[in-house]
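Using the sequences and the accompanying hints, generate a full structural model.
Protein chains in written order, with the working numbering: chain A, 1 to 291; chain B, 1 to 159.
A portion of the hints provided could be inaccurate.
[Claimed, not checked] The following label-pair restraints were derived from C-beta to C-beta distances:
1. B:Lys118 with A:Ala87: 14 to 24 Å
2. B:Gly102 with A:Ile258: 39 to 49 Å
3. A:Glu189 with B:Glu70: 23 to 33 Å
4. B:Gly102 with A:Glu208: 56 to 66 Å
5. A:Asn188 with B:Arg85: 29 to 39 Å
6. B:His5 with A:Pro154: 33 to 43 Å
7. B:Glu95 with A:Leu145: 53 to 63 Å
8. B:Asp16 with A:Glu189: 32 to 42 Å
9. A:Gly153 with B:Leu86: 49 to 59 Å
10. A:Lys139 with B:Glu82: 26 to 36 Å
11. B:Glu70 with A:Arg143: 29 to 39 Å
12. B:Glu70 with A:Arg43: 16 to 26 Å
13. A:Lys139 with B:Arg85: 27 to 37 Å
If you are wondering where the hints come from, they were derived from the structure by calculation, not from laboratory data. Even for Gly, the Cβ is constructed at its ideal location relative to N, Cα and C.
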Amino acid sequence: MDAFEYVAPRTLDEAYAAMSNGKTTALLAGGTDVIVQLRENRRHADQVLDVKHIPELMALKITADGGLSIGAAVPCAVIYENAEIAAKFPAVIDSASLIGGIQIQGRASLGGNVCNASPAADSIPSLIAQDTRLVIGSKSGTRELPIEEFFAGPGKNNLQPGELLIQLKIPAPKPRSGAFFNRFIPRNEMDIAVVNAGARIQLADDGETIADAKVAIGAVAPTPLVVPAAAQALIGKPANEETFAAAGEASAAAATPIADMRGSVAQRKHLAKVLTVRALRGALERAKENS
Amino acid sequence: MRRTHVSTRLNGDNVDFLCEPRQSLLEVLRDNLGLTGSKEGCNNGNCGACSVILNGRVVNSCCVLAVETEGAEVTTIEGIAEGDRLHPLQQVFLEEAALQCGICTPGFIVASKALLDKEPHPDEARVRHWLANNLCRCTGYDKIVRAVLKASDQMEAKV
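Pasting the structure below:
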């Protein structure tokens, strides 16, 4: 590993100042990706900026409007150990509790998982399905964007020089709505998703018709993928297996996976369908509980 | 590269050390501080052989920069026994032959201690889930899981 300087800013302004000194910067939250990347010379940095001392990045709260605000550097374990968040945002917990093992979850953050921008990242499809917005800061101010617009390719995000991810904002769940995330791996734990899928549905007043829906799938394209055709197959239809199967077909059609050691193209397209259907079943169950 | 001064609490003692920012906690424990109980297996966060408890959470010390431990509380395998008296986990790992080559053992004991500190009575599924980040290529895990469950029973009996 090449030598670098270590900087631990205490405020956002200190971080922005450090990021504009002309040095190549790597941001360090849990370090479970970035330290390994630096060690294996897959990435170079003149300075490593530890963002865990910046209060905004370590804040975790349910806001007055019922939404969830997750500081970009909050470890997964801190999120899933919070009973109120687990009750109100179970799809966040689906992801946070299966990224890596216990040793990883005590350090790794959802913000880091998002910034690392792996096509197979296990937090992203569920965050997309829940309409998560990212708050990005720089010395010229903050901007917000829907999470699905953040990804530029495998390992590439749309942060501009001098910018850092401050927090993830998930809107309050609507009545009669539920979200769910699942993935397929050949082991029981600790593996990279062959395919993963997140879904959110909202039932209409009748408790049977789908009023709103969103589906996102991962590891089937250069970036995590929203599947508008799946949402179209769901909205206005009864929440049943036939409808879910149609949405699953839409996910399989939208998937443009590569073949690699983890799976073939045909297997991944099949998994996109199966995992979409299972995510929808899980989302429906939670929507009914939330009625 | 200029070395950085770090003050931390290590196995209950105040410890000061100098390190390069690029050095992992594992590297500093082993090479600078002579604490070679934590093992380097994969050095990329997959195998858990370097597990230590950092501020109450078990982490892979290969994925922590030593400079991050300024003001932190760190427990390594060397801090698990009380003097000459083995921790129940260590005693039971011996009795149950829950090790063969031994390289993964410190990581398993540290991770298991973190579990029992938090949840004194885990069931088998919980133990297996908790230890998923610790790889053992010898035992097939059954003896390790049994040892953790037995240690849990023994610790309960003593309370």
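Which hints, by number, does the structure contradict?
-> 10, 13
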